[in-house]
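2 protein chains.
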Amino acid sequence: MVKLNHHYAKLSGGYLFQEVARKVAAFRDKHPEASLIDLIDLGIGDITSPLPPTIVQALESASREMGSRETFKGYPPSQGYLFLREAIVENDYKNLLISPDEVFISDGAKNDIANIQELFSIDNRIAVPNPTYPVYIDTNVMAGRTKLPLKNGGYGGVTYLACTEKNGFSPELPNRSCDLIYLCSPNNPTGTAMDRQTLQKWVNYARENKAIILFDGAYEAYIRSPDCPRSIYEIEGAHEVAIEFRSFSKTAGFTGLRCSYTIIPHALKITERGTIHSLHALWKRRHETKSNGVSYPVQKAAAAVYSKAGAHEVKKLIDSYLQGAMSLKNNLEKKQYKVVGGVDAPYLWLKAPGTLTSWQFFELLLEKAHIISTPGIGFGSAGEGYVRLSAFGHQLEEGALRLTRL
Amino acid sequence: MVKLNHHYAKLSGGYLFQEVARKVAAFRDKHPEASLIDLIDLGIGDITSPLPPTIVQALESASREMGSRETFKGYPPSQGYLFLREAIVENDYKNLLISPDEVFISDGAKNDIANIQELFSIDNRIAVPNPTYPVYIDTNVMAGRTKLPLKNGGYGGVTYLACTEKNGFSPELPNRSCDLIYLCSPNNPTGTAMDRQTLQKWVNYARENKAIILFDGAYEAYIRSPDCPRSIYEIEGAHEVAIEFRSFSKTAGFTGLRCSYTIIPHALKITERGTIHSLHALWKRRHETKSNGVSYPVQKAAAAVYSKAGAHEVKKLIDSYLQGAMSLKNNLEKKQYKVVGGVDAPYLWLKAPGTLTSWQFFELLLEKAHIISTPGIGFGSAGEGYVRLSAFGHQLEEGALRLTRL
Numbered sequence: 001m002v003k004l005n006h007h008y009a010k011l012s013g014g015y016l017f018q019e020v021a022r023k024v025a026a027f028r029d030k031h032p033e034a035s036l037i038d039l040i041d042l043g044i045g046d047i048t049s050p051l052p053p054t055i056v057q058a059l060e061s062a063s064r065e066m067g068s069r070e071t072f073k074g075y076p077p078s079q080g081y082l083f084l085r086e087a088i089v090e091n092d093y094k095n096l097l098i099s100p101d102e103v104f105i106s107d108g109a110k111n112d113i114a115n116i117q118e119l120f121s122i123d124n125r126i127a128v129p130n131p132t133y134p135v136y137i138d139t140n141v142m143a144g145r146t147k148l149p150l151k152n153g154g155y156g157g158v159t160y161l162a163c164t165e166k167n168g169f170s171p172e173l174p175n176r177s178c179d180l181i182y183l184c185s186p187n188n189p190t191g192t193a194m195d196r197q198t199l200q201k202w203v204n205y206a207r208e209n210k211a212i213i214l215f216d217g218a219y220e221a222y223i224r225s226p227d228c229p230r231s232i233y234e235i236e237g238a239h240e241v242a243i244e245f246r247s248f249s250k251t252a253g254f255t256g257l258r259c260s261y262t263i264i265p266h267a268l269k270i271t272e273r274g275t276i277h278s279l280h281a282l283w284k285r286r287h288e289t290k291s292n293g294v295s296y297p298v299q300k301a302a303a304a305v306y307s308k309a310g311a312h313e314v315k316k317l318i319d320s321y322l323q324g325a326m327s328l329k330n331n332l333e334k335k336q337y338k339v340v341g342g343v344d345a346p347y348l349w350l351k352a353p354g355t356l357t358s359w360q361f362f363e364l365l366l367e368k369a370h371i372i373s374t375p376g377i378g379f380g381s382a383g384e385g386y387v388r389l390s391a392f393g394h395q396l397e398e399g400a401l402r403l404t405r406l
Numbered sequence: 001m002v003k004l005n006h007h008y009a010k011l012s013g014g015y016l017f018q019e020v021a022r023k024v025a026a027f028r029d030k031h032p033e034a035s036l037i038d039l040i041d042l043g044i045g046d047i048t049s050p051l052p053p054t055i056v057q058a059l060e061s062a063s064r065e066m067g068s069r070e071t072f073k074g075y076p077p078s079q080g081y082l083f084l085r086e087a088i089v090e091n092d093y094k095n096l097l098i099s100p101d102e103v104f105i106s107d108g109a110k111n112d113i114a115n116i117q118e119l120f121s122i123d124n125r126i127a128v129p130n131p132t133y134p135v136y137i138d139t140n141v142m143a144g145r146t147k148l149p150l151k152n153g154g155y156g157g158v159t160y161l162a163c164t165e166k167n168g169f170s171p172e173l174p175n176r177s178c179d180l181i182y183l184c185s186p187n188n189p190t191g192t193a194m195d196r197q198t199l200q201k202w203v204n205y206a207r208e209n210k211a212i213i214l215f216d217g218a219y220e221a222y223i224r225s226p227d228c229p230r231s232i233y234e235i236e237g238a239h240e241v242a243i244e245f246r247s248f249s250k251t252a253g254f255t256g257l258r259c260s261y262t263i264i265p266h267a268l269k270i271t272e273r274g275t276i277h278s279l280h281a282l283w284k285r286r287h288e289t290k291s292n293g294v295s296y297p298v299q300k301a302a303a304a305v306y307s308k309a310g311a312h313e314v315k316k317l318i319d320s321y322l323q324g325a326m327s328l329k330n331n332l333e334k335k336q337y338k339v340v341g342g343v344d345a346p347y348l349w350l351k352a353p354g355t356l357t358s359w360q361f362f363e364l365l366l367e368k369a370h371i372i373s374t375p376g377i378g379f380g381s382a383g384e385g386y387v388r389l390s391a392f393g394h395q396l397e398e399g400a401l402r403l404t405r406l
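So the protein lines, in turn, are chains A and B.
Counted from 1, the first sequence has number 148 at position 148 by the working numbering; the numbering is strictly sequential.
Counted from 1, the second sequence has number 311 at position 311 by the working numbering; the numbering is strictly sequential.
Rather than coming from a laboratory, the hints here were simulated on the basis of the structure.
Here the structure is a predicted model, which is why all the values come from computation and not from measurement.
Since the list can't tell identical chains apart, any single copy or any two copies may satisfy a pair.
Okay, derived cross-link-like pairs now, DSSO-like style, lysine-lysine, Cα gap no bigger than 30 Å in a straight line:
#, residue 1, residue 2
1, K147, K10
2, K351, K166
3, K316, K334
4, K151, K284
Working from the sequences, and respecting the hints, build out all of it.
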């Protein structure tokens, strides 16, 4: 008789963004006039601007190549085409001692972040920022690396690193030993980036505790503060303790194309009972066994991000999102809203007025201002009393106006 | 201190196709004149003909849509675009009582086949054909669902279903209860398809033993024997016990594009301690949490496979591979080679002469006939003494000639 993976039953609620979508759909159902209401979506974690022309051209041209016998490509190399891995190293990791062989191309940072935990025993203790991207926790719950759900929405057996007003929304070192540490900079949802000193502290912690840092840099292209590194490998000693995840989704508008990459340095070794294991080798084996790589046209499109024209167009795209974030932030601060983020990230972390909970504030924004936001509690218990606003939305000025009139 | 998933250490050898590639590279290194030798690759499990024009056009046109604000698409729906799921149901599952909501689009049947085991407890006993596609076993080894490797290349705790000359290369019912049963029809590597009666026997077994059939139909489009079903759902009672995996890779030349789909009927329920669980709901939750779906241009290209022109072009493509397989088979049989497959599949399963092992025959073919094959032993112990030849290769006539001259 077949038996289920009972860890799935521990998962509380649905996946956050699907929950929000269901609530918005319910709002529309409740309001037959809803099609007349101009809903402003600041809940969106998705790109809204079209792909830049240089990238579209690369996609089209590679699509045509697939139609001719001379240039047709079958299965991609499981680790990704060398032309893309070389472009990544030359552009994103210049002087950071990363080789193309340490780059793994995949079809989404979400997938890699979800799958990386498979390399580790379920006996490891994970540490995650609170609030944070729900995928870190949910995938560990599914694997059985946590205990039962707690009343506050968290799970037993997990070390939560509270990011609050008090500590400037920066995760602090835990007072016990943890094995797998998820860090995200700039953090989703708070929009705050970690500075060099803080990251060095974490790398030192990992080295002392023989822990691994799983560093999510999906939003690195938005970092503007000179003191905030874009890559964990700017930090001394990181090559021996950190895996870095990056994506073309938010940096080049690829949410609808699906391309990302993960860096696992050869220096990342784990010694168990006298045997030295390479995490790179384990991930490579997983990659070869469980995936057939990323489509050729999409990898060509990703490589075009590093061409002179592509890089220029992509920078313009990110600048425009950041300008929107800054302007939204300024408008809200003028009206005494408490808000962080929006400087090194496309996200703003907005405190609910008075004693409103996240979902109450979410409902208020939806009902009264016709603004869609993302409830902070969906990212963890320390997100209670906050919502995330996204600069990927349209009509940011109008959104700010409506918020200040609430 | 971080601890590894020690199950990875049980994996024997590398992933088969990477091993073959390494041996071929070594052959070329050993022969400085190798560039002059006309190697014929019949080991290839990859499409070699270019994408049909209708599909390329769909890909190009969708790529252009991504460049304009009005038609740009961000994150795809996690289960896939409805236009594609509807086309699949209307064309591939007509009268088979499958709804679009039961279709999950993903970027590779390999990925889904590798990931599906996550839904189940590690305490389940798996049954796999022998020989078969290595991914079934390897992913269960990684998850800890098997015991240690055996001397014959298999793993303890697994029920192997021998497919031999004696039983017509058709897996027979095990004499003990198994929980997760992998079936592949037409089977990779033997190229033999299961008939209706055999499949009904398996569905009955699954119903009696409360087991789940994981049915790999990646090569269904090659089936020509009228008595061999293309879908497990042609069999009565299958909706309650079977998950089906399909792919555009081999049926429409998508190995370089990456698109596949998995069917999980709502009728597939598991009752545990009085609670009824839906496998559809579990997979949906996994899909939402660990993936962001398949790129829009690729899904448009897949939908074009079902257009009138696309379907015609794709049929021509498959017919041409099948013609190659048939001709290769006829030529080999004329020379008293023992060979099966090649009728309902692009693969031929060729018996080595005398007492040669798979790898010995592989080496002989490489050294003496300059033909690349795939050693049968790489697919399981019952594959010893065979090699797989693929009709995806070029120069099949010349290949047959060289084989008959050996």
